[in-house]
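Visitor: Take a look at the letters that make up each chain.
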Amino acid sequence: MASQTSTPLEYSTHQNEMTILGFWIFLGAEIVLFATLFAGYFVLENGVADGPTLKDILMMKDVLIETFLLLTSSFTMGLALHQMRQNNLKGMLIFTVITLLLGAGFMYMEINEFIHYVHEGVTMQTSAFGSALFTLLGTHGVHVTLGIGWVILLIIQLVRRGITPVTSRKFFIVSLYWHFLDVIWIFIFTFVYLKGALM
Amino acid sequence: MKYDFFVTGDPIILMSQIGIGLTMIGLIALITYLKKWTYLWKEWFTTVDHKKIGIMYIIAGVLMFFRGGVDGLMMKAQTSRPGLELLNAQHYDEIFTTHGIVMILFMAMPMLIGIMNVLIPLQIGARDVAFPKLNALSFWSFFVAALLFNISFVIGGSPDAGWTSYFPLAGKEFSPDIGNNYYAIALQISGIGTLATGINFIVTILKMRAPGMKLLKMPMFTWTSLVTSVLIVAAFPILTIALLMMTLDRMFGAHFFTVAAGGDPMLWLNLFWLWGHPEVYIVVLPAFGMFSEVIATFSRKNLFGYVTMVVSIVAIAFLSMLVWVHHFYTMGNSAAVNSVFSITTMMIAIPTGVKIFNWLFTMRKGKIQFSNAMLWSLAFIPCFTIGGVTGVMLAMAAADYQYHNTMFLVAHFHYVLIPGVVFAVFAGLYYWWPKMFGFALNEKIGKWHFWLFVIGFNLTFMPMFFVGLDGMSRRMYTYSESTGWAPWLGFSAVGSLVMAAGFAALVYNLYWSFRYASRDVGSDPWDARTLEWATASPVQEYNFAVIPEVTELDQFWKDKKEGTNKIKKEDIKDIHMPSNSAVPIIMGVAFGIVGFFLVFEMFILSAIFSVGIIACLIANSFDYDDGYHIPAKKVLETERKWRGDL
Chain X
1 MASQTSTPLE YSTHQNEMTI LGFWIFLGAE IVLFATLFAG YFVLENGVAD GPTLKDILMM
61 KDVLIETFLL LTSSFTMGLA LHQMRQNNLK GMLIFTVITL LLGAGFMYME INEFIHYVHE
121 GVTMQTSAFG SALFTLLGTH GVHVTLGIGW VILLIIQLVR RGITPVTSRK FFIVSLYWHF
181 LDVIWIFIFT FVYLKGALM
Chain D
1 MKYDFFVTGD PIILMSQIGI GLTMIGLIAL ITYLKKWTYL WKEWFTTVDH KKIGIMYIIA
61 GVLMFFRGGV DGLMMKAQTS RPGLELLNAQ HYDEIFTTHG IVMILFMAMP MLIGIMNVLI
121 PLQIGARDVA FPKLNALSFW SFFVAALLFN ISFVIGGSPD AGWTSYFPLA GKEFSPDIGN
181 NYYAIALQIS GIGTLATGIN FIVTILKMRA PGMKLLKMPM FTWTSLVTSV LIVAAFPILT
241 IALLMMTLDR MFGAHFFTVA AGGDPMLWLN LFWLWGHPEV YIVVLPAFGM FSEVIATFSR
301 KNLFGYVTMV VSIVAIAFLS MLVWVHHFYT MGNSAAVNSV FSITTMMIAI PTGVKIFNWL
361 FTMRKGKIQF SNAMLWSLAF IPCFTIGGVT GVMLAMAAAD YQYHNTMFLV AHFHYVLIPG
421 VVFAVFAGLY YWWPKMFGFA LNEKIGKWHF WLFVIGFNLT FMPMFFVGLD GMSRRMYTYS
481 ESTGWAPWLG FSAVGSLVMA AGFAALVYNL YWSFRYASRD VGSDPWDART LEWATASPVQ
541 EYNFAVIPEV TELDQFWKDK KEGTNKIKKE DIKDIHMPSN SAVPIIMGVA FGIVGFFLVF
601 EMFILSAIFS VGIIACLIAN SFDYDDGYHI PAKKVLETER KWRGDL
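Chains X and D supply the protein sequences, listed in that same order. Per UniProt numbering, the very first residue in the first sequence carries number 1; after that it's consecutive. Per UniProt numbering, the very first residue in the second sequence carries number 1; after that it's consecutive.
The set of hints was computed from the structure by calculation and includes no laboratory data. You may find that some hints are simply not true.
Said to hold, decoys possible - Distance condition first, Cα-Cα at most 30 angstroms in a straight line; then the derived DSSO-like pairs of lysine-lysine:
id, chain 1, residue 1, chain 2, residue 2
1, X, K170, D, K560
2, D, K560, D, K573
3, X, K170, D, K207
4, D, K558, D, K367
5, D, K207, D, K301
6, D, K569, D, K172
7, D, K133, X, K170
8, D, K207, D, K76
9, D, K52, D, K217
10, X, K170, D, K301
11, D, K558, D, K573
12, D, K447, D, K573
Model, not experiment: these values are computed from the prediction.
Let the sequences and hints guide you as you build the complete structure.
Guide: Following this line, the structure appears as structure tokens:
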């Protein structure tokens, strides 16, 4: 198909190219940011101060559903981008809205999970483990929430302006961001939850 | 409210409070009287022009230098004689804390980022940075953070746990006052701006170089700025998280650093220095770049060993991420860990030594001109070498048990940072001042500035090596006669006054040159080598009427020699420029207000005002302003004014 052999629309101007590169570098900074949070968590995960450990409070089933929701949302985000490349605004919007709903579902589940932890007696104030856990998960959650807000702004702009070099660049960048959060979640799932369940 | 709003009970601070109040009223009255508000708003506050943003950074940096310098003088006055009571222990603690933070984060950083802002687009033949509006946001978030940090000493109290703010001292238990909240919040806000600057410059340098300028044809200052920007992106997020943890610990009862609840204060130390050590190179690398430009220009030779220079800065940047433990050899690491970090630390001396020799060889057989910029570069080499050699002494873990936390260390890092950064900034200011403002600084007053400052600097810090070896630990607010340190510290205090006189000479020079210096300096007063000198002085708002083509390192030098530095009338086209924007300053102010309420732990108010930040983001997202064009006719007119022969 023609749309796949030529330069994608989002790369069509020099400014767009620079903005996308800038965002990749920003994601590099985000990797350092989350790496620091992970390092902090690994240092402190056993600092439970006589309080519950992760294994005591973990709800593996809920975490699995969260993982499923977020990973699927990453997939639908990819489909939305594919529709954008096909220049199909309607399909793009449909998949974007599905992505948003999945993201919102993830946030709903995660907030529930937090409430559960608090009921089980683990808060940010209970122990160093609690502080590190809530900060790592919370930072990811805040990122997802900001991402949802960001996507909503882009939907408005897409409806108003259609697929243009500028809107396509913005959408491409938000999709990078969304996939990045997915990658972070895979690390959280592996090194926080799975490790916590096994230890 | 949990805290006293205004700091009371100290006459010095009361005087400052009154002074600040009167200055503010005076400034506002003056601007209103001169009817300059619209001018300031249109030309400066909402500008996205990299040159103006750079100049604002530099002005803020000079002001902060004054503030940090006054802190330093007060410390020197307090320790000039044994048993003095000019400052009490608490006040002394606050002053050495703010001195450190102001000098590193609110003086060195804006000075260097300011000069980077002015120069990088010019050196690579670009019309602006990659993201002009983001650049303005970087400035305003830095500026607001600096203001927020600086009001701490009159409102609420300054941080007092040292610029490193080690836990547990910096925690709520031992520092219940509000001061350390200022530390956590103000550094966070300015860190956002710095990170944005790093990203901005990486993209600018990678994507906006003039055609033909390969990476290895970039001027050395651009190279060092690129490497510094990479370091910013790699290191600042660590500070972001460290400060977030500090904020959560202090304000929300989290336990990252409290041992009793399973936390670990060493986590703070590690994170702080994982950022803090690269930070030293973030400020010193662009300074190295400036020296390289100045030394090449005034030796009338090209830079010796350009490629080894590039390899060295990349090696320094890489190693800088691997040495952080040397800041706490004495805090319980195993001998094996200390050995590893000892070796990585000493390895940094190798590329640094390479650079020193490159500068020396650049001068060898050159026709050296002793202009002020060159004098600062010449003074830098021996002074910095003293700092470097004492650094190698400190790098040896076993020996460090003797030096750790003594005045020897304080003397060492002042010998690194003052020659390495402050001398460079002075050299850079004298060198690029004509490009920025269209007139040169006075060379004669500049000599006073130079000699007073350099002699004062050595007098101030050299004695500290000796009292340090004699066992004086840093951060002592007083000492007894029997220690025998009094003569050294007396010398040191006199030296600090000489240094202050040097700074006064600089201020007088700025004033004198602004009033009386010749406005006819030409576009290339130093017969320099790099592209920034191919523009008018001061630089036209669009920088280059025609983007230059590059085939050589030192392209401008080649063009001058071969007479190819002319542009053709037909090549001038309409020039696209970005529009001014009020979003960055409004967002900066919103950050400031949110930060202020966070400092005072008024969370509801800070949440309300953070809506302002989000509103700015939304407004920006919906802003499709694509800038404007300067018509070719107007460009031609401007070019004719300074080229004459077009």
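Visitor: Confirm or reject each hint.
Guide: Hints and how they fare:
{"no.": "1", "hint": "X/K170 to D/K560", "result": "violated, 44 angstroms"}
{"no.": "2", "hint": "D/K560 to D/K573", "result": "holds, 24 angstroms"}
{"no.": "3", "hint": "X/K170 to D/K207", "result": "holds, 19 angstroms"}
{"no.": "4", "hint": "D/K558 to D/K367", "result": "holds, 18 angstroms"}
{"no.": "5", "hint": "D/K207 to D/K301", "result": "holds, 29 angstroms"}
{"no.": "6", "hint": "D/K569 to D/K172", "result": "violated, 67 angstroms"}
{"no.": "7", "hint": "D/K133 to X/K170", "result": "holds, 16 angstroms"}
{"no.": "8", "hint": "D/K207 to D/K76", "result": "violated, 48 angstroms"}
{"no.": "9", "hint": "D/K52 to D/K217", "result": "holds, 27 angstroms"}
{"no.": "10", "hint": "X/K170 to D/K301", "result": "violated, 47 angstroms"}
{"no.": "11", "hint": "D/K558 to D/K573", "result": "holds, 25 angstroms"}
{"no.": "12", "hint": "D/K447 to D/K573", "result": "violated, 44 angstroms"}
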